[in-house]
Structure formats: C-alpha cells, structure tokens
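Just so you know, we're using this note's numbering here: the sequence shown kicks off at 3 and counts up by one.
Because the hints were derived from the structure by calculation, they are not lab data.
The structure displayed is predicted, hence computed values, not measured ones.
Misleading hints may appear alongside valid ones.
Claimed, not checked - Straight line, CA to CA, 20 angstroms or less: simulated SDA-like cross-link-like pairs of lysine to any residue:
#1 K179 x R241
#2 K179 x H282
#3 K54 x C131
#4 K201 x L261
#5 K201 x V211
#6 K281 x E229
#7 K56 x K37
#8 K54 x I140
#9 K184 x R290
#10 K179 x K90
#11 K45 x P74
#12 K90 x G120
#13 K280 x R264
#14 K184 x T174
#15 K280 x L228
#16 K280 x G230
#17 K201 x Y213
#18 K201 x D216
#19 K179 x A279
#20 K90 x V31
#21 K90 x P74
#22 K184 x P235
#23 K54 x E137
#24 K184 x I240
#25 K90 x D65
#26 K90 x I66
#27 K201 x G120
#28 K90 x S122
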Amino acid sequence: MTEPILMIGTGALACLFAGRLSRSGFPVVMTGSWKTGLEALRKQGVMLIEGKEKSVFPVEVLDITETSRFFPRALLLTKAYQTFEALKRVQPFLPEDGTVLSLQNGLTARSLMVEVIGESRAISGITTCAAELVEPGIVNFHGGSSIFLGSHPAAAWYRDVFQAAGFSVSTTSAIQKMIWEKAIINSAANPVGALLRMKNGEMSCSQEVGYLLDDLINEACQVANLEGCDINPAEISIRLQTILRESSANRCSMLQDVLHGRDTEIEEINGAIVSLAKKHGIDVPVQRTITRLVRSINSEVD
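Given only the sequences and the hints, what does the whole structure look like? Please build it.
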C-alpha cells in the first residue's frame, strides 16, 4: 500500500496539489488549522477548476492532534507566517527518516524548518503554479506547472509523485538563488498589486507602476547579492513583466489576502529583505516604505 503524503495547509496551493495528486491516484491526507477549510474538505473534497472544467476529488482530512499515525513525506503549503506553528504541530508525527518539502513564498521557511525538524529532514523548493481559493475547498487554477526542488536524497520521491500528477519537475543545487529570485518578484508584484487593488495584467499596462516595480526589484537584488546570490535586476524585471502579461486575469496572493481580510506574507517577503538590508548596512527606502504600507493594512485586519 502506498504511503499517503501529508498536505500541511488548506489554502489555494494546498488544494491545488491535493486535487492534482488525487487525480493521479496518489493518496493525500490534508491537515491544517483553518477549521472552516477542513470542514469543507471533509464534506465535499477538493473542487479543482481548470478553465471550464470542474472536478471533485475526495481527500482524507485529519486533525493532526488526534492521531498516532506517522507520515514519512509531507508537503508544507501554509502561509509563510504559519510555518513555525504548523511544523510544531506535525513534528511529532514525522519519523526520524521523514522529510518535509516546503514550496512556500518568502525567505524565512528554510531557517524555520531547520530549527523545528532539523536540516536532514528539510527540503526547499519553489513552484510557478498560480491558484486562487474561490471558497473553502474550491480552487481555481490559473496556470504554471513548474516545480524546482533543492538537492536532497528524498527529492527524487517528490519528483516522481509530482511528475505523475502532471507537473514539470527539476532538481537543482541552486535552489537558494531560485528562492531569492521568486522572493524578489513577489516583493514587487505582491505588495503593489495588493495596495493598488490591481490584477496582474493591469500592473503590466501602467508605466508608473512599472517604474515602482523596477525600484523594488533593484533594491531587493542589492540585498540578494550581499547574501551571496548573484541576481541581475534587468533579467528579473523582464521575467516579472512576462509573468504579469501571461497571468493577466490573476490576482496576486497578497491581493487575495487583502480582499478576504486575511493577514499577508509581507514580513516573510519584503520585511525579510528590509531586515537583511539593515544587517548589511544598506538602505532600501522603497522596500521599507512598501512594507510599512502593507503592514498598515495588516493592522486593520487585526
């Protein structure tokens, strides 16, 4: 019998991956702290919307505090600010040779994983998948199918499972640089989209927004380079504009959070960049200002 993968999280990406893996015949167990999401998944499973197609996939839902089961493989897809608490909840149910793969946003996941579960059980990765949670348990897939996994003895297991579910998967020894590149893109598009209430395509059509995105990218690249990742801001700007055009109808995750009255990942993305800039003794005024503006929205949510 195939051991199920433990899906930690009940948001858009967690539902997307659960649906895709279930469709491929792979057993999935979902857990999280959002009771409304867990109840919806328990009642109806995951509804995956892909264009005009709607499919429903049953998934097992588990209250992790009421089980004695062990899960050798887990996929961490909570919001970045939930990482520590999520890992503390599942750590007792992870065997010594078990692993957790994080495909989360931001720059903080790796250090938290190492702190809670240890270096040998932590795998870092990124994905280009874009999805929006329409309602609890109902996810709209907006495109992107690439997954990049950091080097680890267990990475091949995740690669095979994801490939069977239709994802394009690569392993790389340069995952930290790729995490930085994604974080830089997110540090520009996410807060700007959230503050201006713009869809991706709307951001790509505004020259003034383009200038602001470039300023954010330039500052973030300075910090990344000081952290040992040689990243060209011009290349990142071109990549971001391509992403915005190709996902023109999509709302970035931070805008989705703001519209639904949820906390954002500003601290784990822009806030982390500002903190690292301070460590290196450089000023990043645009990053700092955009962080403060989104924090003001978070305080309204709280």
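Evaluation of the provided hints:
1. K179 x R241: With Cα atoms ~15 angstroms apart, K179 and R241 stay inside 20 angstroms; holds.
2. K179 x H282: It holds: about 18 angstroms lies between the C-alpha atoms, which stays within 20 angstroms.
3. K54 x C131: holds, 18 angstroms
4. K201 x L261: Within the cut-off at roughly 12 angstroms; holds.
5. K201 x V211: Within the cut-off at roughly 12 angstroms; holds.
6. K281 x E229: The hint holds at about 10 angstroms.
7. K56 x K37: violated, 24 angstroms
8. K54 x I140: Within the cut-off at roughly 14 angstroms; holds.
9. K184 x R290: holds, 19 angstroms
10. K179 x K90: Not satisfied, since the Cα-Cα distance of roughly 27 angstroms exceeds 20 angstroms.
11. K45 x P74: violated, 26 angstroms
12. K90 x G120: holds, 12 angstroms
13. K280 x R264: violated, 28 angstroms
14. K184 x T174: At roughly 15 angstroms apart (the allowed maximum being 20 angstroms), T174 and K184 satisfy the hint.
15. K280 x L228: At roughly 11 angstroms apart (the allowed maximum being 20 angstroms), L228 and K280 satisfy the hint.
16. K280 x G230: holds, 16 angstroms
17. K201 x Y213: Roughly 17 angstroms between the alpha carbons, so the hint for K201 and Y213 holds.
18. K201 x D216: OK: K201 and D216 at ~18 angstroms, within 20 angstroms.
19. K179 x A279: Satisfied, since the Cα-Cα distance of roughly 17 angstroms is no more than 20 angstroms.
20. K90 x V31: holds, 18 angstroms
21. K90 x P74: Holds. K90 to P74 sits at ~16 angstroms (cutoff 20 angstroms).
22. K184 x P235: Satisfied, since the Cα-Cα distance of roughly 12 angstroms is no more than 20 angstroms.
23. K54 x E137: Given pair K54, E137 holds - Cα atoms ~17 angstroms apart, limit 20 angstroms.
24. K184 x I240: holds, 13 angstroms
25. K90 x D65: holds, 14 angstroms
26. K90 x I66: Answer holds: K90 to I66 is near 11 angstroms, not above 20 angstroms.
27. K201 x G120: violated, 39 angstroms
28. K90 x S122: Given pair K90, S122 holds - Cα atoms ~16 angstroms apart, limit 20 angstroms.
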